[in-house]
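What follows is each chain in one-letter form.
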Amino acid sequence: MTIKQTPKILSIIFLLIFAFTIPLWLGSYWTQTVTMGMVIGITAMSFILLTGYCGVVSFAQMSFYAMAAYVFALTIKDYHWPTYISIPLAILGAVILSAIFGAIAIRSKGIYFLMMTLALSQLFSGLMLDWQSVTHGYSGFTGVARPSIFGFSLMKTNPRYYTTLVALIICYLILLRIVSSPFGLSLQGMQDNTRRMKALGFNTDLRRFVAILISGFFAGIGGILGIFSSASVSPATGDLSANVMILMAALIGGIWRLEGGILGGIIVIFLINFTKQFTIRYWLIIGVIFILIMIFLPNGLLGLNFSKISSKIKSGFNKNRQRT
Amino acid sequence: MDKIIIQFLNGLTFGGLLFLISSGFTLLFGVMQVVNMAHGMFYIVGAYIGLTVQKQTGNWFLAIIVGSITVGIIAFLVEKLIRFVKSDLTQALLTLGIAVAIRDLCLIIWGGLPQIMKEPSFTQFPIKIFGFTYPGYRLFVLVLSIFIGVLMWFLLKSTQYGRIIRAGTDNRKMVSALGINIDRTYTTVFVIAGLLTGLSGAVGGTYIGFGPGTDFTILTYALVVVIMGGLGSIPGAALGAVIVGLVDSFGRTYVPQLTNFLMMGSLVIVLLFRPTGLLGRKE
Numbered sequence: 001m002t003i004k005q006t007p008k009i010l011s012i013i014f015l016l017i018f019a020f021t022i023p024l025w026l027g028s029y030w031t032q033t034v035t036m037g038m039v040i041g042i043t044a045m046s047f048i049l050l051t052g053y054c055g056v057v058s059f060a061q062m063s064f065y066a067m068a069a070y071v072f073a074l075t076i077k078d079y080h081w082p083t084y085i086s087i088p089l090a091i092l093g094a095v096i097l098s099a100i101f102g103a104i105a106i107r108s109k110g111i112y113f114l115m116m117t118l119a120l121s122q123l124f125s126g127l128m129l130d131w132q133s134v135t136h137g138y139s140g141f142t143g144v145a146r147p148s149i150f151g152f153s154l155m156k157t158n159p160r161y162y163t164t165l166v167a168l169i170i171c172y173l174i175l176l177r178i179v180s181s182p183f184g185l186s187l188q189g190m191q192d193n194t195r196r197m198k199a200l201g202f203n204t205d206l207r208r209f210v211a212i213l214i215s216g217f218f219a220g221i222g223g224i225l226g227i228f229s230s231a232s233v234s235p236a237t238g239d240l241s242a243n244v245m246i247l248m249a250a251l252i253g254g255i256w257r258l259e260g261g262i263l264g265g266i267i268v269i270f271l272i273n274f275t276k277q278f279t280i281r282y283w284l285i286i287g288v289i290f291i292l293i294m295i296f297l298p299n300g301l302l303g304l305n306f307s308k309i310s311s312k313i314k315s316g317f318n319k320n321r322q323r324t
Numbered sequence: 001m002d003k004i005i006i007q008f009l010n011g012l013t014f015g016g017l018l019f020l021i022s023s024g025f026t027l028l029f030g031v032m033q034v035v036n037m038a039h040g041m042f043y044i045v046g047a048y049i050g051l052t053v054q055k056q057t058g059n060w061f062l063a064i065i066v067g068s069i070t071v072g073i074i075a076f077l078v079e080k081l082i083r084f085v086k087s088d089l090t091q092a093l094l095t096l097g098i099a100v101a102i103r104d105l106c107l108i109i110w111g112g113l114p115q116i117m118k119e120p121s122f123t124q125f126p127i128k129i130f131g132f133t134y135p136g137y138r139l140f141v142l143v144l145s146i147f148i149g150v151l152m153w154f155l156l157k158s159t160q161y162g163r164i165i166r167a168g169t170d171n172r173k174m175v176s177a178l179g180i181n182i183d184r185t186y187t188t189v190f191v192i193a194g195l196l197t198g199l200s201g202a203v204g205g206t207y208i209g210f211g212p213g214t215d216f217t218i219l220t221y222a223l224v225v226v227i228m229g230g231l232g233s234i235p236g237a238a239l240g241a242v243i244v245g246l247v248d249s250f251g252r253t254y255v256p257q258l259t260n261f262l263m264m265g266s267l268v269i270v271l272l273f274r275p276t277g278l279l280g281r282k283e
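Chains as they are written, first to last, in our numbering: chain A, 1 to 324; chain B, 1 to 283.
Bear in mind the hints are in silico, worked out from the structure with no lab data behind them. Please read all numbers here as calculations on a predicted model, not as lab measurements. Note that beta-carbon positions come from the ideal geometry of N, C-alpha and C, so glycine has one too. Please note that the accuracy of each hint is not assured.
What the hints assert, rightly or not - A partial selection of chain A residues facing chain B, derived with a Cβ cut-off under 8 Å:
hint, residue
1, 6
2, 57
3, 75
4, 111
5, 115
6, 205
7, 206
8, 244
9, 270
10, 274
11, 288
12, 291
13, 294
14, 295
15, 297
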């Protein structure tokens with residue numbers, strides 16, 4: 001450990017202490033809010049893996065989330081399977097859905113990818129609405145039983161908070177490892193210049209596809225933690241408003257860094273829950289804030305330029321890349 | 001057999017409506033490369049304004065016209081707003097923000113109950129085709145959509161203004177250098193797309209019911225239609241609309257729970273053989 005690194009390590013320790021003591025000084029309502037924020041944070045990180053590192057904007061993250069939640073709810077509530085089977089099954093469901101979406105959307109880039117994933121996720125949400133014999137239609141699943149982990153029942157707010165926090169930290173570390181691995185670097189290389197990466201012998205489509213699978217996996221983990229937290233899932237869980245929430249989380253936090261997703265997720269859920277106390281029509285306010293952020297703060301709080309993404313996709317030979 | 005023919009007609013007329021809905025979307029994308037996420041919002045505002053005017057005056061034509069013009073004005077404002085951001089992705093996300101805000105505003109103004117507009121009197125008679133009676137309004141929608149499709153095709157292909165618009169699609173700077181105010185042209189295209197979508201909203205609001213959530217459904221239909229038909233292509237939108245209309249109509253009759261699955265399946269099959277859609281240009 002060098003002297004230069006000390007402040008960084010100290011701030012990480014401080015942040016961890018802060019995160020682990022939140023339930024002590026926040027009430028159960030706001031602890032629950034932070035829990036939900038962290039769940040959205042994990043999903044937003046899976047979004048950022050695709051947006052910031054792969055250069056495609058995916059509108060399907062909440063579909064993967066909803067898929068995991070649906071599989072979990074179905075196996076627990078209708079089939080009464082044990083938790084240790086239904087959790088892997090739920091994540092598998094999310095990965096399979098991401099494989100299907102990825103296989104369809106992989107050939108399109110930029111704005112086309114956005115449209116494709118949006119159409120697919122909306123069709124998925126419609127399927128969940130119409131397929132009443134399995135998904136229970138409009139109301140979906142409510143009151144899904146939460147399991148116990150290491151003897152702590154997730155029915156209570158605090159064990160749920162700590163489970164989510166630990167999961168968040170693990171997901172963050174794994175994702176950090178992935179984006180700094182050779183695989184992650186090759187993704188960033190493809191984002192800058194797909195043609196050159198192809199010429200260097202990389203199978204670019206396959207790598208992008210694997211990235212979509214990984215993002216589906218983490219969105220699935222988000223879905224399971226989400227159903228622990230809210231105990232319900234419905235077609236609205238995966239619809240366009242939900243995807244706008246993920247998008248907004250990533251935009252507020254900063255699209256180029258994984259931490260941006262966590263920060264943005266917590267801020268967005270705080271914002272929604274705060275506005276909810278005053279008016280039931282909170283989307284009006286959220287939407288206006290969203291527009292203002294797009295115009296005046298395109299860099300996000302952790303600060304880099306979002307509009308670079310599309311210019312990067314367009315310009316084939318952009319050499320000067322800036323990343324903090 | 002009777003059922004099949006009726007469903008075929010239903011699919012065809014619904015396809016006509018879908019073409020009306022997606023023509024504005026595909027026009028905007030083809031000309032300006034803007035993905036208008038507020039498209040469903042345009043539709044539903046057209047329908048709600050139409051409904052209000054119809055309730056006040058009882059005149060269907062007035063309702064259609066006022067609905068269409070209102071959405072045209074909103075489109076004008078949206079175009080001014082998205083000038084603030086540069087890239088196509090941020091523009092798309094900005095329109096999404098606008099859509100999310102205004103859909104909630106609609107919910108405040110018009111409430112959450114599903115609504116439908118009354119049919120105009122001149123279509124309120126059943127028409128006999130092949131020995132079946134079929135509602136006249138649906139056939140009217142089909143005729144109207146064919147008329148508008150042909151009109152758009154003619155305007156884009158054969159008029160000076162259409163040539164400017166098409167030239168602007170390919171090379172904006174060059175058209176601008178030739179002394180044409182391309183910015184004003186783009187504003188005009190945006191307003192035309194708004195007028196068309198408002199019209200489709202009021203016409204569609206008479207055809208199928210609408211309420212909160214319809215905007216996203218309509219956006220999905222428009223997306224599927226133009227992706228299937230080929231982005232930015234008007235004949236492609238027509239073809240896609242007919243296919244989606246037929247899939248929707250037969251799906252809702254025979255496998256009502258899995259219609260969206262069928263839709264996804266047909267989208268996959270089309271993209272498997274034609275990655276840029278049925279009549280799409282190469283990317």
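Cross-check of the supplied hints:
Violation of the interface hint for residue 6(A) is found here, the shortest Cβ-Cβ separation to chain B being roughly 39 Å, above the 8 Å cut-off. Interface hint at residue 57(A): satisfied, since its Cβ lies 6 Å from the closest Cβ of chain B, which is below the 8 Å cut-off. Taken as an interface hint, residue 75(A) does not check out: its beta carbon lies about 20 Å from the nearest beta carbon of chain B, beyond 8 Å. Taking 8 Å as the C-beta cut-off, the interface hint given for residue 111(A) holds, the closest approach to chain B being about 5 Å.
The closest approach between the C-beta of residue 115(A) and any C-beta of chain B is roughly 6 Å, which is under the 8 Å cut-off, so the hint is satisfied. The restraint placing residue 205(A) at the interface with chain B is violated, with a minimum CB-CB distance near 12 Å, outside the 8 Å limit. For residue 206(A), the suggested interface contact is broken, since its CB lies about 17 Å from the closest CB of chain B, more than 8 Å. Of the supplied interface hints, the one on residue 244(A) holds, with its beta-carbon coming within about 6 Å of a beta-carbon of chain B, less than 8 Å.
For the restraint placing residue 270(A) at the interface with chain B, the shortest Cβ-Cβ distance is roughly 18 Å, beyond the 8 Å limit, so the hint is violated. With a cut of 8 Å, the hint placing residue 274(A) at the interface with chain B is violated, because the nearest CB-to-CB distance is about 16 Å. With a cut of 8 Å, the hint placing residue 288(A) at the interface with chain B holds, because the nearest CB-to-CB distance is about 5 Å. Look at residue 291(A): its Cβ gets to within about 4 Å of chain B, closer than 8 Å, so that hint holds up.
Hint on residue 294(A) holds. Least Cβ distance to chain B is approximately 5 Å, under the 8 Å limit. Taking 8 Å as the C-beta contact cut-off toward chain B, the hint placing residue 295(A) at the interface holds, the least distance being around 5 Å. Interface hint status for residue 297(A): violated, as the beta-carbon distance to the closest one in chain B is roughly 12 Å, over 8 Å.
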